[in-house]
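> For reference, the chains in residue letters:
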Amino acid sequence: MRVFKSRSNFLFTLFVNLVMLTSLLLCLIPFVYMIALSLSSPKAIINNEVFLWPKGLNVEAYLQIFSYPNFFHAYGNTILYTFGGTAISLFMMILFAYPLSKSRLRGQKVLMKIVIFSMFFTGGLIPNYLLVSSLRLVNTRWAMLLPFAINQFNLILLINFFRTIPADMEEAAIIDGLDYFGILLRIVLPLSGAALATVGLYTAVFFWNDWFNGLIYLKSSQFPVMLFLRNIVTGTSMVGDAAGAGDKTSIAISIKSAVIITSTLPIIVLYPFLQRYFVKGIMIGAVKG
Amino acid sequence: MKTYKREATTITAKKYFLRYWQLYLMLVLPLLYFLVFKYAPMVGNVLAFRRYRPGMGAWGTEWVGLDYFKRFFADPAFWRAFRNTLVLSLLNLVVNFPIPILFAILVNEMRHLAFKKVVQTVSYMPRFISTVVVIAILGELLSPSSGIINILRERLFGLDAIYFMNDSKYFRLIYVLVDTWQFTGWTAIIYLAAITGIPSDLYEAATIDGATKAQQILYITIPSIMPTIMIMLILNIGRLLSLGFEKVLLMYTPDNSMVSDIIDTLVYRTGLANQNYSYATAIGLFSGLIGIVLVAGSNTLSKRLTGDGIY
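Sequence order for the protein chains is W and Z. Using this note's numbering, the final residue of the first sequence is 289, and nothing's skipped along the way. Using this note's numbering, the final residue of the second sequence is 311, and nothing's skipped along the way.
With the rest of the complex left out, here is chain W:
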């Protein structure tokens, strides 16, 4: 039993906990509502009977989207872009961050300026589009991967982390006859698991959620699942229409919700376990930057 020193402190604690409970519910309710809609019968949806609990429980919407080849295809594309993009990105960022973490390396300061300037001034939408187009990358999957290989914020995160590795470990390794590639592979990377996980997660989330680049660069067979969802929402793309015309809108609602849930599921499910890495990034980044 907690003892409150005064009435005002008790009221304050009550107020804090109420606000926090409300925030918690506000964060969760949209997802709960989507789950409820995706599991409800079209009849219950059309009669506006669904609140935060499914009504007329069934998995018809999920069965339907899984029988829909375009959805599978888009989901597969997203998995490909996420793994491919993250692998390319980590490779490039490690190669750049390691030399840049050596502040006494000649030319390092100029290179840092090149990186930082590009954070504040970018080519803009049209020049970027024309570049990708003149590199003949439009309508190829590379258009989703190559232009985003290095995110400057993540790069600086990695540089900051590499700098925390004690210099005498490297000196000892040089005496032992390791070259710089050896040091990077055998000493720096094994010590950087947490930083690599953090940067890798940010990158993976970026590629998983990306849709706009798919919209401007890809043809429909290459679309990622987020673009597929966006096209369902805007009505550009058809959802399953096996049911009668009268049921179409309510069917569409449960199917839309099922697509929302399945396309977000990996993030929602993995998030609680990986949360500490997500938060770590903002902390390392806050040191300078």
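Everything labelled a hint here was simulated from the structure, so no lab data went into it. Take every hint as true, because none was put in to throw you off.
In silico DSS-like links for lysine-lysine, alpha-carbon gap of 30 Å or less: (1) Lys303(Z) - Lys280(W); (2) Lys14(Z) - Lys102(W); (3) Lys102(W) - Lys113(W).
Which stretches of chain Z does chain W cover? Using the computed rule of at least three CB atoms under 8 Å from a CB of chain W, they are: (4) 144–153; (5) 281–292.
All C-beta atoms in this analysis are idealised placements derived from N, C-alpha and C, irrespective of residue type, glycine included.
Could you slot chain Z onto chain W? The hints should help.
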């Protein structure tokens, strides 16, 4: 003597390179990437001063000077987008700058540690959800025929359904509130870190002097995190013109375009949809230059006020 010295430096440079060539080899590929994918598009901005003809290269065909700039300066659609960008950004700043600070202060006051952990974990999550998903959920919550908000309005107050997503009156409000939902928890992490750094004896002394919680927040917590607040404010001012383009694009409908057409969506529409490449590049370049001025200005301001900048 002079020749000897020069020789000495070349030998050192050679030695230096022999010793560190692997480090330089590592950065060749990423540097090439920066030149191609970050710097070439910057140079590509010359398109704003040149006429583009399809099939005749990304650099345009002939110089037209400031023609495209003159044209969009005379275009009411540009000024509408400019005004919409400013209004939406400022509104967003006024609402969503203080909220994470308050949120962090309140989270810090939570005494039940398990509950605190749950609240923190859940409140960061929206930051990692795709904007497409966020707007899709919003569309269902606010749907006039089946959305839970309209159903509740009707059941509880007998009000008529409103097509929120399509009504220009609600666009700005919805945009700002979605931003609150997406980023409050995440942004609060920075303030929470600052609050954690406040020495606890300050609070102990205040408690002995009989200060209430509210007084402690007002006279200890907020003044202590003022430097962080200032840096964040300056950062936000530097980013004033860069709104969540994807979110606006997803929320854009012809019916709310009066308020939802911002500079970025205008560039997208005139450039990619209508293929007016040079004209759109000019608008994009103009807004990019304002962005640079804002960042540089706010950084100078930050260095003068807090002694620390962002670069």
